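Chemist: Here is what each chain is made of, one letter per residue.
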Amino acid sequence: MPETSKEAMVSAVYDRGKESSSYDEDLATVERFLGGDEQAFAALYTRYYDKVFALSRGILLDAEEAADAVQEIFTLVYRHLPRFDRRSKFSTWLFRIAVNRSIQEARKARFRTKRVELTEEIGGVTDDEPEVHDPAIHMAMGKLPPHDRAILALFYWDELSLQEIADSLGCGVNAAKTRLYRARERFRVLYEEATV
Amino acid sequence: MKHIPPELDGLMWTLAENPDARALDEFGERYPTYRAELGKRIALVRTFRGARPHEPKSAPRFSPRPAPRPAWRPVPVLAGLAALLTLGFAGYWGAVKLAPRNVERPPDVVAANVDPVQLPDNGGVVYQDKPQAQQPPMGDTATPPNAPLATPALDQTQDLRVDNTFLQSAIQLLAEGSGYTVLFAPGMPNPTISTDYRSTRAKDILADLGREYGFTIFEEGNGQLLAIPAVNDVPQDRPQDPNAASGQDAREPTLDTETGPTGL
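Chains Y and V are the protein sequences, given in the same order.
Every letter in the first sequence is one number past the one before it in our numbering, and letter 152, counting from 1, is 1500.
Every letter in the second sequence is one number past the one before it in our numbering, and letter 73, counting from 1, is 180.
Calculated directly from the structure, the hints in this document are not laboratory data.
Treat the numbers as computed from the prediction; the structure is a model and nothing was measured.
Note that CB positions come from ideal geometry on N, CA and C, so glycine has one too.
Watch out, some of these pointers could steer you wrong.
[Said to hold, decoys possible] Taking lysine-lysine pairs in the DSSO-like style, the calculated list, with each CA pair at most 27 Å apart, reads: (1) Lys1437(Y) to Lys1399(Y); (2) Lys1491(Y) to Lys204(V); (3) Lys1399(Y) to Lys1525(Y); (4) Lys1437(Y) to Lys1491(Y); (5) Lys204(V) to Lys1525(Y).
[Unchecked claim] To spell it out: a stretch of chain Y is covered by chain V in this simulated footprint if at least three of its residues, at any positions, have a beta carbon under 8 Å from a beta carbon of chain V; those stretches are: (6) 1372-1381; (7) 1394-1401; (8) 1508-1520.
Modelling step: build the complete structure from the supplied sequences, incorporating the hints.
Modeler: In structure tokens form, the structure reads like this:
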């Protein structure tokens, strides 16, 4: 395989999402909200709810906790939107809040995770247990630290570019690339252990 | 899987994340030993992406939550507790150390400050007493200055019966009976005396003896008396013994400790 095609393929994957058509639209909506239009915030909420939920769900590994965290995240955004300095995209700022808040919640929920595992062991699975396509995925993700889960969720589930991930995590692109590589390797090892 | 070169590892992840048919064929032809590994990674990425959480069919209505309560901040709380403890300790310390102690005030005695004065006419020495109020001990603030004083020991009545006893021994006996010690000045007469006082105040006995044998008692304070022999400060033509000549003391002694003078 020629080197040029290899680099092109890599950059095509890593540079995805750079051309965000919603960039200007987000800023315009933010300006409307700051001008007093409450419906503008509802538009932002509807536009980003799914992505924030997926990210939070990937970090927290629990649908209910993720839904609760999403409400917290958007409450923070609602209160602190006047502080948004517009140096980055609104979505980057939003994801940064979402990552931090979800990781914070994940740390708080460690003891609750143990309680859930105990419940599962004794067969007490509730009806509203989140649907999991592959239990090995859930198991491997559960063994990863929240930071690894965050970067995998941002990359594979929210399909952010490395630049966006770097902005969301507050690090450089190279650091984000290294973190993604390590998180993926750890996940692969854990997943293979779980599927054996 | 054995160690995979980093560049091949990265390439396989890239292909797994963006599986282009032509690129996959080329990779398989070039690295046939890694074909299975690539297949596993493609499956892994597909499975992982397929595990993307299902978002709710419609986003729940958003309503901002009330502001969270301020988190418990240990540093200000601990600082406040430390301040309270410090104040409490300071209050206790002040109450214990600075409060006036309940010490009984000693009697407000007057001490004699004796200054020798040279008399040019006869070269003799007389002792001039300068009454000076004695300061109470430091820290003694419990008793107000105008509180009633205890009866001076020399005001208490005593019996003194001696026969052929030295005068100084008799004075010493009397002083000890009142709780005093006596210091005799040089030249103090010490004849043998016989006397009998009954139920008489000690200061009156001393004054009487002083008139008879020529000495004066001064109360020095601190439970000490000073006995000083009488000095002839009258002209030579007068009798030496003032008591004998006029029937009066050269200097009328007094034992009135409450009014200031200390000479007995």
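Chemist: Look at each hint and say if it fits the structure.
Modeler: Comparing the hints with the structure gives:
no.	hint	result
1	Lys1437(Y) to Lys1399(Y)	15 Å, holds
2	Lys1491(Y) to Lys204(V)	64 Å, violated
3	Lys1399(Y) to Lys1525(Y)	21 Å, holds
4	Lys1437(Y) to Lys1491(Y)	32 Å, violated
5	Lys204(V) to Lys1525(Y)	70 Å, violated
6	1372-1381	violated (count 0)
7	1394-1401	holds (count 4)
8	1508-1520	violated (count 0)
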